[in-house]
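Peer 1: Residue numbers (numbering that gives the first Met the number 0), protein chains in the order written: chain F, 0 to 254; chain Y, 0 to 254; chain R, 0 to 338; chain G, 0 to 338.
Since the hints were made in silico from the structure, they are not lab data. Treat each hint with caution, since some may be false.
[Claimed, not checked] Listed next, the in silico DSSO-like pairs over lysine-lysine satisfying Cα-Cα at most 30 Å (straight line):
| id | chain 1 | residue 1 | chain 2 | residue 2 |
| --- | --- | --- | --- | --- |
| 1 | F | Lys121 | G | Lys76 |
| 2 | R | Lys27 | G | Lys178 |
| 3 | G | Lys172 | R | Lys169 |
| 4 | G | Lys169 | F | Lys121 |
| 5 | G | Lys76 | F | Lys172 |
| 6 | G | Lys169 | R | Lys169 |
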Amino acid sequence: MKADYTATELLATVASKVLEDGKSVFVGTGLPMIASMLAQRTHAPNLLIIFEAGGIGPRVPVLPISVGDSRTFHEAAAASTMHDVMSLSQAGYVDYGFLGAAMIDWYGNINTTVIGEHDHPKVRLPGSGGANDVGSFCWRTILLMRQEKRRFLKKVDFITTPGYLTGPGAREKAGLPAGAGPYRVITQLGLYDFDEATKRLKLLAVHPGVTIEQIQDNSEFEILIPDHVGTTEPPTPEERRLLREIDPTGMAIGK
Amino acid sequence: MKADYTATELLATVASKVLEDGKSVFVGTGLPMIASMLAQRTHAPNLLIIFEAGGIGPRVPVLPISVGDSRTFHEAAAASTMHDVMSLSQAGYVDYGFLGAAMIDWYGNINTTVIGEHDHPKVRLPGSGGANDVGSFCWRTILLMRQEKRRFLKKVDFITTPGYLTGPGAREKAGLPAGAGPYRVITQLGLYDFDEATKRLKLLAVHPGVTIEQIQDNSEFEILIPDHVGTTEPPTPEERRLLREIDPTGMAIGK
Amino acid sequence: MKVLSEGCGELIGWHDPDEHRAWVRANKSRDLKDKRMTIADAVEEYVPDGALVALGGFGHVRVSMAGVYEIIRQRKKHLTLAGKTAVHDSDILIGAGCVDRIEVAYAFGHEMRGLSPASRRAVETGQCKVVAELSNAVYQWRFLAAMMGLPFIPTRNMLGTDTLKYSSAKVIKDPFSGKPICLVPACYPDVVFMHVPRCDMYGNAQIDGTIIEDFELARAARRLILTTEEIVPESEIRRQPWQTAIPFFFVDAVVEVPYGSHPCQMPYLYFFDEEHIGEWLRMSKSLEGVKEYFDKYVYGVKDFTDYLELVGGLRKLDYLKKVEQLRAPMTAPWLKKRG
Amino acid sequence: MKVLSEGCGELIGWHDPDEHRAWVRANKSRDLKDKRMTIADAVEEYVPDGALVALGGFGHVRVSMAGVYEIIRQRKKHLTLAGKTAVHDSDILIGAGCVDRIEVAYAFGHEMRGLSPASRRAVETGQCKVVAELSNAVYQWRFLAAMMGLPFIPTRNMLGTDTLKYSSAKVIKDPFSGKPICLVPACYPDVVFMHVPRCDMYGNAQIDGTIIEDFELARAARRLILTTEEIVPESEIRRQPWQTAIPFFFVDAVVEVPYGSHPCQMPYLYFFDEEHIGEWLRMSKSLEGVKEYFDKYVYGVKDFTDYLELVGGLRKLDYLKKVEQLRAPMTAPWLKKRG
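My request is simple: use the sequences and hints to build the entire structure.
Peer 2: Here it is in structure tokens:
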């Protein structure tokens with residue numbers, strides 16, 4: 000039976016459920032915005048959304064094109080500065096952060112800078128943007144990305160944004176804020192967290208109809224598979240309706 | 000013949016003449032404000048006045064009581080923050096700074112913190128306030144103070160604010176911004192600058208009727224006396240009228 | 000990391016950045032909730048004896064005097080004060096015996112009005128100890144470091160002076176320029192009182208006029224109590240969000256207290272009550288006078304409104320508004336004395 | 000001063016703080032003077048070939064496109080770009096061949112619209128060299144350090160990553176916490192273009208909405224050129240001085256250019272012109288298309304008003320205003336493509 004929802008819709012709803020009411024989230028362009036806006040319209044009305052250009056606690060009317068777009072400070076608590084929001088993030092005020100990733104390794108280290116050699120790139124990507132900041136400062140980061148063997152890599156060409164670096168204690172040893180790091184990875188195949196002891200990527204739940212084999216086949220590195228693996232909830236019709244309302248042009252969620 | 004002006008009026012007018020049009024000045028409470036406001040009303044209409052609480056380029060209607068008082072940002076170019084004005088001072092944007100002093104030594108080092116031991120003070124004074132900042136950051140600082148033997152000291156009990164510290168090159172060696180430092184000292188007896196080679200206090204001009212002997216008698220340390228010593232201009236009736244206009248209650252200029 | 004020199008001043012209000020982050024996570028609510036309470040409850044809840052206290056505004060401009068009086072009324076003890084641009088606020092807190100330790104950028108003075116008898120006496124008799132020295136810029140940058148969640152901020156002042164020697168700063172060689180540079184430690188006050196012209200019930204606050212240090216200080220504060228001339232509807236704040244100086248999640252309590260800065264100035268709203276400040280400066284010349292002052296104006300009144308009635312009520316407040324708006328001339332007892 | 004590690008990225012825009020102070024003293028006027036000029040004169044005077052250029056706003060929000068087009072029109076060469084939240088601005092500057100070096104926090108991308116063909120191609124073919132990497136927060140803090148006249152600002156990010164390795168930052172052991180900390184060097188761009196909703200003829204400027212990095216960047220700039228929707232009387236600025244984001248003495252030129260951010264967004268005034276941006280994204284897929292684009296929209300028009308007529312004139316601008324104010328739905332060619 001063909002699902003009546005798209006992979007993007009599933010990513011958005013699964014991501015939105017990770018967020019808690021009354022907590023704060025640092026939001027990037029696209030799906031993270033949609034997931035956060037959906038959370039506000041469902042279980043987390045008082046989710047505090049923060050944008051890197053200075054928008055703090057807006058009532059986002061419709062999906063913005065840019066994280067600096069005026070929609071990101073529409074009826075906001077404050078329209079401030081990047082210095083302000085990056086500072087409060089560094090000071091520990093941000094619970095969740097969203098990150099997109101081109102490639103990751105099994106410690107959740109992210110590459111969004113370059114494929115190939117830095118000075119002779121095969122493919123040049125946009126670079127860190129706010130990603131290194133989010134990955135360094137937010138307590139718990141949530142990675143949204145497409146899972147493929149060429150994206151789940153044993154070693155990424157360039158660590159743009161820190162995951163757990165080389166394993167337990169490595170972030171702290173490097174001088175990064177203690178106790179923070181990647182919390183969830185969400186792909187079109189499943190939902191992951193990181194193993195407490197080894198800080199390696201671990202399957203938490205598969206999406207409806209996805210097999211463990213598919214999970215492992217779409218990764219160059221070995222993914223830890225626990226005894227119990229859950230299945231994520233598919234988007235409800237109401238959630239799908241809300242997603243259309245949030246993104247009427249379908250720019251992120253698709254038509 | 001008794002002068003028809005007060006010592007305070009003379010200090011204010013002599014100080015105002017040090018300031019140049021189109022330059023910036025960091026202003027403290029009292030006489031510095033009056034001198035700067037007088038300069039704006041005479042030869043320096045475009046003197047840019049900056050206050051530590053964040054007032055930038057105000058049109059001060061009447062002498063403020065405090066450097067944080069709303070008069071300090073009346074019709075200002077900006078009502079900003081201390082961080083902003085201290086930063087721009089540190090970055091070299093401020094030409095002149097005014098300082099009051101309880102005591103100085105011959106290098107223009109200032110004490111406004113304590114008389115006696117720091118932890119067992121004979122007299123406790125207000126401390127640095129913005130003085131250390133002005134003395135460190137402004138290109139040229141102007142000291143306004145009462146001259147007495149117990150105030151012009153060989154060694155001050157506490158260096159609150161840097162003059163030339165221990166002499167030529169000492170500021171730079173300590174890490175302070177290069178090329179800045181005390182520029183003029185104005186007392187009820189005369190106008191001083193600092194000797195280029197030794198950075199020691201040097202007489203520039205005496206006030207009308209003051210002798211070289213009085214200058215030296217009212218200092219514990221030896222004041223350099225050049226061959227040519229000028230005489231300052233006494234306040235004109237127009238200047239005296241302006242001073243009353245600036246300070247109608249006489250809170251700084253006296254009744 | 001070779002430290003070239005360091006001050007002997009006590010390091011107050013500093014926390015390891017990771018320890019502070021953990022504290023923030025556990026204690027600062029990011030939830031949008033009604034924070035209105037009485038000033039009595041706010042002081043009871045957030046000002047333990049021994050706390051490090053800082054006050055917004057500029058010593059006698061936009062000061063939460065309502066907060067200051069309540070601290071005195073509740074007879075808080077052994078407070079340490081951040082003596083940042085401290086004027087009337089610190090003078091009466093020290094005079095009242097609530098504060099016995101102070102870090103000093105500026106204190107014990109009343110700007111144009113001269114020195115402050117009560118707090119000077121307290122320091123000169125050893126009743127109040129100066130634990131460290133610094134400058135106004137340095138204090139404010141200590142709050143900047145705190146706001147940024149950093150251990151320190153570099154500065155190019157204090158170098159070569161005794162102010163540095165009695166501070167808690169350290170000097171290192173800057174690895175970029177090769178020159179000595181001062182590192183000033185972050186300062187996170189345990190509790191900050193700030194008076195604003197308006198905010199909503201969640202704590203989203205606007206400030207007219209200069210912000211002074213309050214942008215950084217509000218964000219450096221572990222607990223932040225706002226007193227406000229007026230609580231406005233949330234929609235008024237959200238209409239012009241770039242006017243918000245302090246967003247709600249930095250705020251722990253919101254207390255509506257019209258004229259809450261009296262006898263200090265509130266820009267655009269009311270001028271200094273020089274008559275009242277003059278009375279304090281006169282009475283505080285003796286210990287007896289200090290006691291008499293607090294008996295009359297703090298312990299002897301039941302709340303802030305009662306106090307406002309006592310200092311002159313509507314007629315006085317109307318006059319202060321006119322002076323602030325340059326529609327009436329200023330008078331002051333300390334001026335008469337000089338005349 | 001032991002440096003634990005340091006990036007291999009080129010240190011661009013850094014000056015010894017004393018050298019910068021001397022430059023400011025000699026070159027930045029503190030005089031209140033009329034700074035109005037044409038964008039052609041401003042670019043001619045303040046943008047030498049080889050300069051380090053930075054742009055205010057957010058890559059495609061509140062960008063001085065009038066400045067960007069004029070740089071292209073005057074065929075400036077070998078510029079280095081501060082790739083801070085760079086989007087449409089950098090894409091067309093690199094596409095036009097004016098920029099051949101860039102320090103990258105974010106570039107070569109168009110946020111929701113996907114990647115930027117022109118600038119990506121330039122980097123992948125070696126025509127434009129990435130001289131250093133960093134993050135958005137770090138770039139903005141480099142400007143903070145510059146605004147403060149400091150050699151560096153500490154940060155707690157980049158640590159442990161290749162972003163640090165390719166940056167110009169250094170890592171030392173923090174003498175307060177004992178933990179490694181990153182020091183990011185100040186950055187003073189040679190010239191900054193910033194678009195604001197209003198300013199007076201002296202350069203006192205207000206900004207509605209988020210300030211983004213422009214508070215710090217305006218103060219870090221060696222030369223600052225403001226383009227503005229409107230030049231307002233000085234009295235309007237001075238009526239609410241706390242609204243001034245940039246006081247006049249940081250500003251070197253004031254150019255009135257209504258719609259000067261087109262096709263980028265100007266908060267509260269007009270939305271992105273997605274049709275035009277889409278046209279650029281489509282045409283810039285080939286070198287021929289790039290040439291065609293500039294021939295048509297830059298070299299082929301005599302001034303900015305001519306350009307506005309060409310992109311749709313009043314009807315288009317009215318539509319963009321309605322979309323910005325949520326009174327009309329947004330459409331975009333890149334949306335149709337996906338549909």
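Peer 1: Now tell me if each hint is right for this structure.
Peer 2: Hints and how they fare:
no.: 1; hint: F:Lys121 x G:Lys76; verdict: 26 Å, holds
no.: 2; hint: R:Lys27 x G:Lys178; verdict: 25 Å, holds
no.: 3; hint: G:Lys172 x R:Lys169; verdict: 13 Å, holds
no.: 4; hint: G:Lys169 x F:Lys121; verdict: 28 Å, holds
no.: 5; hint: G:Lys76 x F:Lys172; verdict: 44 Å, violated
no.: 6; hint: G:Lys169 x R:Lys169; verdict: 19 Å, holds
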